[in-house]
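**Q** Residues per chain are reported as follows:
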Amino acid sequence: MILSPNLVITVSIAYVAFLFFVAWFADRQTQAGRMKWLHSPLIYTLSISVYCTSWTFFGAVGSAARNGLEFLTIYLGPTLVFIGWFWLLRKLVRIGREQRITSIADMISSRYGKSPALAVAVTLIAVVATTPYIALQLQAVTRSFEAIAGTTDANFTGFWVAAGMAVFTILFGTRTIDANERHHGVVAAIAAEALVKLFALLSVGIFVVFGLAGGVEAVFARMPEDMINAEEVFGPRWLAIIFLAASAIICLPRQFQVMVVENVDERHLSTASWMFPLYLFMICLFVLPIAIVGLAELPAGSNPDLFVLSLPLAAGRQELALLAYIGGFSAATSMVIVASIALATMISNHIVMPLSLSFKPSENPSSGDVRKLLLTSRRIAIGAVLMLGFLYFRLTGGTDALAKIGLIAFAGIAQVMPALMGGIFWRGATAAGALAGLTAGVLLWGYTLFLPSFGGDFILSVSVLENGPWGIAQLRPQALLGAPSQDPLVHALIWSLGLNTLIFLFVSLQTTPRPLERLQGALFVDAFHTDAGGHSYIQRSATPEDLFVLAQRILGVEPARVLFNEIALGQGIRQGLPRATDSCIDRLERELAGSVGAASAHAMVSRAASGETISLTDLMDIAGETRKLIETSDRLADKTAELERTARQLRDVNSRLRTLDRQKDDFLAQVSHELRTPMTAIRSFSEILQEPDLEPEQLQRFVTIIHDESLRLTRLLDEILDIGRLENGSVVLDAQPVLLGEALRGALATVAPLCDKSRVRVLAYDDPGEVAITSNPDRLRQVLLNILTNAVKYNDAETPEIRIEWQVLHNRLLLDIIDNGGGVSRAEAQTLFDKFTRGSRSALAQGAGLGLPISRTVMRRLRGDLRVEFAPDGSSFFRLDFRLADIAQAAE
Amino acid sequence: MAEPENPADLALKARKIRDTAMIMPLFGLMVLTPPIANLFAVSGRILGVPVIVAYIFAVWALLILGAALLARRLWRSGDLTERLQGREQPKYPDGSVP
Chain A
1 MILSPNLVIT VSIAYVAFLF FVAWFADRQT QAGRMKWLHS PLIYTLSISV
51 YCTSWTFFGA VGSAARNGLE FLTIYLGPTL VFIGWFWLLR KLVRIGREQR
101 ITSIADMISS RYGKSPALAV AVTLIAVVAT TPYIALQLQA VTRSFEAIAG
151 TTDANFTGFW VAAGMAVFTI LFGTRTIDAN ERHHGVVAAI AAEALVKLFA
201 LLSVGIFVVF GLAGGVEAVF ARMPEDMINA EEVFGPRWLA IIFLAASAII
251 CLPRQFQVMV VENVDERHLS TASWMFPLYL FMICLFVLPI AIVGLAELPA
301 GSNPDLFVLS LPLAAGRQEL ALLAYIGGFS AATSMVIVAS IALATMISNH
351 IVMPLSLSFK PSENPSSGDV RKLLLTSRRI AIGAVLMLGF LYFRLTGGTD
401 ALAKIGLIAF AGIAQVMPAL MGGIFWRGAT AAGALAGLTA GVLLWGYTLF
451 LPSFGGDFIL SVSVLENGPW GIAQLRPQAL LGAPSQDPLV HALIWSLGLN
501 TLIFLFVSLQ TTPRPLERLQ GALFVDAFHT DAGGHSYIQR SATPEDLFVL
551 AQRILGVEPA RVLFNEIALG QGIRQGLPRA TDSCIDRLER ELAGSVGAAS
601 AHAMVSRAAS GETISLTDLM DIAGETRKLI ETSDRLADKT AELERTARQL
651 RDVNSRLRTL DRQKDDFLAQ VSHELRTPMT AIRSFSEILQ EPDLEPEQLQ
701 RFVTIIHDES LRLTRLLDEI LDIGRLENGS VVLDAQPVLL GEALRGALAT
751 VAPLCDKSRV RVLAYDDPGE VAITSNPDRL RQVLLNILTN AVKYNDAETP
801 EIRIEWQVLH NRLLLDIIDN GGGVSRAEAQ TLFDKFTRGS RSALAQGAGL
851 GLPISRTVMR RLRGDLRVEF APDGSSFFRL DFRLADIAQA AE
Chain B
1 MAEPENPADL ALKARKIRDT AMIMPLFGLM VLTPPIANLF AVSGRILGVP
51 VIVAYIFAVW ALLILGAALL ARRLWRSGDL TERLQGREQP KYPDGSVP
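Sequences listed follow chains A and B, in order. The first sequence lines up with residues 1 to 892 when you count with the working numbering. The second sequence lines up with residues 1 to 98 when you count with the working numbering.
Rather than coming from a laboratory, the hints here were simulated on the basis of the structure. No residue lacks a Cβ here, since even glycine has one placed at the ideal position from N, Cα and C.
Straight-line C-alpha distance at most 25 Å; calculated DSS-like pairs for lysine-lysine:
hint, chain 1, residue 1, chain 2, residue 2
1, A, K639, B, K16
2, B, K13, A, K639
3, A, K91, B, K13
4, B, K16, A, K91
5, A, K793, A, K757
Label pairs and their calculated CB-CB ranges:
hint, chain 1, residue 1, chain 2, residue 2, range
6, A, S655, B, D19, 33 to 41 Å
7, A, G301, B, L62, 37 to 45 Å
8, A, W24, B, R72, 30 to 38 Å
9, B, M22, A, T632, 17 to 25 Å
10, B, R72, A, F210, 32 to 40 Å
11, A, R222, B, P35, 25 to 33 Å
12, B, D19, A, R648, 24 to 32 Å
13, B, L39, A, Q486, 21 to 29 Å
14, B, D19, A, A827, 50 to 58 Å
15, A, R222, B, L62, 23 to 31 Å
16, B, V31, A, R579, 53 to 61 Å
For reference, chain A alone in the conformation it holds in the complex (with noise of 0.2 Å):
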């Protein structure tokens, strides 16, 4: 069951001339400005999706078959670095958006103040670590072809693989060389591809598990019981492994490339934080089923990697087949494409350029020569990548599991996590350190598991591995310091990003930032509160001239003209060159940086600017706008909370206020009722009493009335008085032991002649004796006088009584005042000790109101209390809470 080797190249040829015509079409798009469509989110998202590399299409097959549950680890590592896209991505995108970021090599550079040397090996790095995977994806395509098409020259097709790659790439994506003229050609190509890879996985696993396998149930049922090994997947390489795919997401020159460098718009990157994780869960779906269906059907021995070909081939369905295939090859190139061009960028910008600048005086320099040259090496630069990884895979033979050489590449890029993370959120972050911890980093990532990838037959030979160089075995690649032997990706990954990061923290706690690395700093770190296109913080000086011929030279003529016009404009020249202010050299430095990434822009504006500092007021100020920012936010916020408290309180005063003084208003208006009705009383009185003709005992009555009123006026004034002085507190009522009984028992014998008048029975009751009380003896005085007054004059039963009842409770005493003249209604008890209100029982009899209140106040006063309490019978009666005070006090 094999396609004819014609048929399978034809097919091929097709598919990559049909990806030409996508590339060819969405340039023309852009170029007419009809780009709309290229610049969605879901472009953007299948763009993201050159994650999913040949690796993924063969190799999580052969993962799954080989280790169970692991492949997944691949996939979970980036979906969790995009559901978290608001806090690392955003601001990965944000920075490279504001300071033209060309590729993660220019990234680091740039953030560690423009250093050319963290610049180059960053570039190293992503060489080293990418030749071996694009190796792969020609493996992988070659693989598959003879999978396909029978037997055939494995390097001729490679080769031919890595040409046409070659050329696609240098067509399309060399066509200009700024970082913001996007490779709209390109982006377009990688999204189709992203859709043909899906839909030739998703054609297969359907196809496997429901026309091979017969339903899910079906191909869970074969599946072989220790295939999943869910005890042990769970370890340190799982955990291990899903860092390293969300280092890798980040890290990848080519994920940098197509997530940071093409992203058109920030906002994109919401769609692709759900969208790209699922891109990859239907990426997943499947391939846990193709490999149960392929490890039952297939003969024992057969290439799990190229299960997704060979399960379609062995049941007889070439067009299946033929599709996988495409799909493959759709994942390999891909890759390629995009790794090559962020390569080449990196190659071109941070090696080819900085040589150049050395090597080549800045004199005589013609229009756009510089521009060229870049271009040029950008082309020969993609060449020499694809060929590096053809030489690999010469070399190498081929004859690793495919899913290794990716986690190998994974753990060499990932060694730029640390200086990329502290570069964003540490402000102390210094080129020193990053450098430091880089070399060391890659140095143990090459020692412990990158030369022992070859098994024995690269530098390190097998007995260096088994016993350690010169036969120390301490120094065993897969067992550093004689570590258990443990899984030899973990043991790598511990020691070289252990110790990477260790040394670029503590050398760059060590070292003192430049200038330049404490201004970029802050403004990486800060990238959501500055705003670097504002202001200007490196002062420099330089002609006019001169920056506008380093301008033509990188840019061409054309687009530094129009450049420098919008310049001018933007200072107000309408004709001629735009003064060489700071800003002015900021932007052409930004400009360029977009161009040749910004360590190379920094040294060749340097060039032609002479006399380059940044002065400390000016770092303390960039430190000190975004410190003042978010401390005034925090201010505003504290203070808008302050606010609210104190309306809040405000408010609450302002209605207590309005009581009150609706109280005053009453409390007035009944004092004028009160005092006018004595007053009207004795003036009337008085007016008759002027008349000449008066008889002795009318005479004799009326004065009697004018001094009744009058003793009742000056009462109700003392009352006022009195109660005023009580409740702002300016008497002072000494507290002091009393002994009830005796109080009791003058206060009785005060009320007996008005008992005797009323006929009102006071009833025995039991003598409290030598109960002592805390109280004050004259007022205690005054407000039982008070309460049993009140219990006579109010007393209209048939048979008036008056009953005294206490008890003691804890340290209180209690003393009941009871009387059977009708009590008063729980409405009533709300209002009664109110100044000036009188119960109903009262309204006919005589009394200003005050009395209660007063006793109520007195009570309070000597910390007891005076209240209306209810019987379970409705009947109502006052109840005097006392303290009751030291038996030990009292005797004295």
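Starting from the known structure of chain A, arrange chain B on it as the hints suggest.
**A** Positioned in the frame of chain A, the structure of chain B alone reads:
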């Protein structure tokens, strides 16, 4: 929702959405790694699918759903749009983008 909302409440709401967006990956990491993932490493099937496989794919799907909902709410809270305003790319006089 007819009455206009207090700006302070809106800001608080937006902040809560953002904080949720920050917590999501941590939650995902926790449930997808040992020891919690180990709890589901038991023999047994759900609709014919081994429990652990069903568990991982279910959690995965939930995370995707959560991210999609959050992305929508972040949009609505205006968090993304507001900040982007005034940050448009500078344009050349002829309207092309540098």
